[in-house]
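In the order they appear, the protein sequences are chains A and B.
Here the first sequence is numbered in my numbering, starting from 187 and rising by one per residue.
Here the second sequence is numbered in my numbering, starting from 187 and rising by one per residue.
Source of the hints: derived by calculation from the structure; they are not laboratory data.
In this text the structure is predicted, and so the values were computed from the model without any measurement.
Just to be clear, a hint being listed does not mean it is correct.
Because identical chains share one entry, a pair is satisfied inside a single copy or across any pair of copies.
What the hints assert, rightly or not - Mimicking DSS-like on lysine-lysine, the simulated pairs with C-alpha atoms at most 27 angstroms apart in a straight line are: (1) K363 <-> K213; (2) K193 <-> K260; (3) K258 <-> K363; (4) K258 <-> K193; (5) K332 <-> K410; (6) K193 <-> K363; (7) K193 <-> K261; (8) K444 <-> K260; (9) K429 <-> K332.
Number of protein chains: 2
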Amino acid sequence: MNQMAGKQSVCFGRPVEMIGYAGVVGKKEGEGPLGKYMDLVVEDPLFGQKNWEESESQFVKTACEIALRKAKRKKEEVRMVFCGDLLGQMIASSFGLKQLDIPFYGIYGACSSSGPALSAAAMALGGGYADTALAACSSHFASAEKEFRFPLGYGNQRPWSATRTVTGAGAFVLGNKKAGKVVVRGFTTGKIKDYGIQDPFNMGACMAPAAADTICQSLEDFCKSACDFDRIVTGDLGAVGQKLLFSLLQDNHVDITKNHMDCGMQIYEEEQQDTHAGGSGCAASAVVLSGTILPKLASGEWKRGLFVPTGALLSQISSNQGRNIPSIAHAVWLEHAEGLQTGANQAERM
Amino acid sequence: MNQMAGKQSVCFGRPVEMIGYAGVVGKKEGEGPLGKYMDLVVEDPLFGQKNWEESESQFVKTACEIALRKAKRKKEEVRMVFCGDLLGQMIASSFGLKQLDIPFYGIYGACSSSGPALSAAAMALGGGYADTALAACSSHFASAEKEFRFPLGYGNQRPWSATRTVTGAGAFVLGNKKAGKVVVRGFTTGKIKDYGIQDPFNMGACMAPAAADTICQSLEDFCKSACDFDRIVTGDLGAVGQKLLFSLLQDNHVDITKNHMDCGMQIYEEEQQDTHAGGSGCAASAVVLSGTILPKLASGEWKRGLFVPTGALLSQISSNQGRNIPSIAHAVWLEHAEGLQTGANQAERM
């Protein structure tokens, strides 16, 4: 039986198998330290399309296709796809996925979208609503700059606290294979947190309070301490947000300084790539998840991870109105599957 | 046990109870034929706020609060809220709901959002992930005109095929009360359909193919014929879209001319209110659902309804790029609960 855990989490009665995943990134991300772990690096920022938005659609469609191929599933076998992006009315997702012809849920959590997409897809599996489900999300440097900031040609200067939107997409296939090496054990649905921050060039500071809140709640709900996880992985706090997160958690007597990792800080080599505080966007956490976190969990190098993508819930309109930037973080509890097959959780898994 | 039904639908093993619902609308909607069935009519289009977007947030927050009060549930008891709107980055939902402090999923289906919000919330209940969940959505005439069309002061003329965005919000509480009079029996997740239509002033024509596709698939998956439902209710096709829907369904040998109802055609008195093809927006279907459909199902006047809200998946950017307007429709199978308590489904319900 699935169980509500604590105040805002869920534990699956039978952990949900992750049977395929893919990360597709742009040229700059391909040149970064994780480039070699990506399934596809696309040199052309337009990905053969006519504009940035259609390019982003092509990224997410391609990531879904590769993930399905790796999972040995046809698109016709997928009962539901949960997908999101940063663009207004989520046109990257809808135009990208319409060609796959899969029953579609648009999921919005800003840069945290991989989290709610994964937890919703896992709910679909765990509830018996689907035998195969997809979770996906995308972002694109150029479409995001157009949506939220300045025209690229303007050459706007960015402060050191600013992050760079990752061009790419991640896709994750959940299914029943009885041979998956990584499972979703549970998740914590994030609450919207507003600490009154208004600087759109310091997203890390906006999102750190949401990450801290969700991490504390997850640990409490799952009756775990921080050291029970090989890594606690936030989405795109960047260097500035990480400091703030550590400090907020220490106020709650939680120390993750030894096992914290931030996807945004992994994807670029800051000194060489001039990316300031790190990478951001839905794709930042999604492609790091598919490129390094899931493979490490699959191989058993890591046994247990808490994936906590973070999102800032602003729009150009809310920003221009001088309003605060509320944020959200969703947690997904991932685990190497071998322990489940041989250990104490065997019964639970059946 | 929950069951996957046919190609893209779900039947709940134990139908999910709808224990509270509310519709809050603006002045023009309050003056319409359904005004008297609304829980609150707000005369001030700004709802006491500083701008249209914050006003829309106030509508959705208020609808949630009234629905919770009617369901006799506190906000602290709600495990998850699934909520969406039409604005870029869904700021109506995020700013409106942040004050309720409920674990939050942003759901996007354009004007169909009440559908995926309801089916996702029902999945949460049916899977044991929540004992109380909220589904909600909102739209606002002025924020939508600003987002998609022209500044209000410009006084743009609109063709007869155009619809008017409904100002309002609907909220629905799903829970275990063992006394709910309306239940969700199942749902069909919509696919994105693109028939090549590009006219943003004829949304009915854009969405009719998606509605036809989902209705046909629902009937097939649930092994029902159209006449098994007291009403098959589409979202906001309007007068133009309805004709097209009838014609598309007749091509598939499905006749819903006797039991079809379109929420967009119900909410205004066209001749007197100068609303052209009808109402649209997430709120159109949501407030008609809460104001008339659910009460009729609760009283037993209707035994069974198929609620099929429709959405056009465009943005200002995709429109300006001259791209097609794909669309989606989600179906939710609603039923009067008495039959379930006394009839053949008793066992299934436990």
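Here is what the structure says about each hint:
no. : hint          : in the structure
1   : K363 <-> K213 : neither (34 angstroms within a copy, 54 angstroms between copies)
2   : K193 <-> K260 : between (37 angstroms within a copy, 14 angstroms between copies)
3   : K258 <-> K363 : within (10 angstroms within a copy, 42 angstroms between copies)
4   : K258 <-> K193 : between (37 angstroms within a copy, 19 angstroms between copies)
5   : K332 <-> K410 : neither (42 angstroms within a copy, 47 angstroms between copies)
6   : K193 <-> K363 : between (31 angstroms within a copy, 20 angstroms between copies)
7   : K193 <-> K261 : between (36 angstroms within a copy, 13 angstroms between copies)
8   : K444 <-> K260 : neither (41 angstroms within a copy, 39 angstroms between copies)
9   : K429 <-> K332 : neither (29 angstroms within a copy, 39 angstroms between copies)
Violated hints for the displayed structure, listed by number in ascending order: 1, 5, 8, 9.
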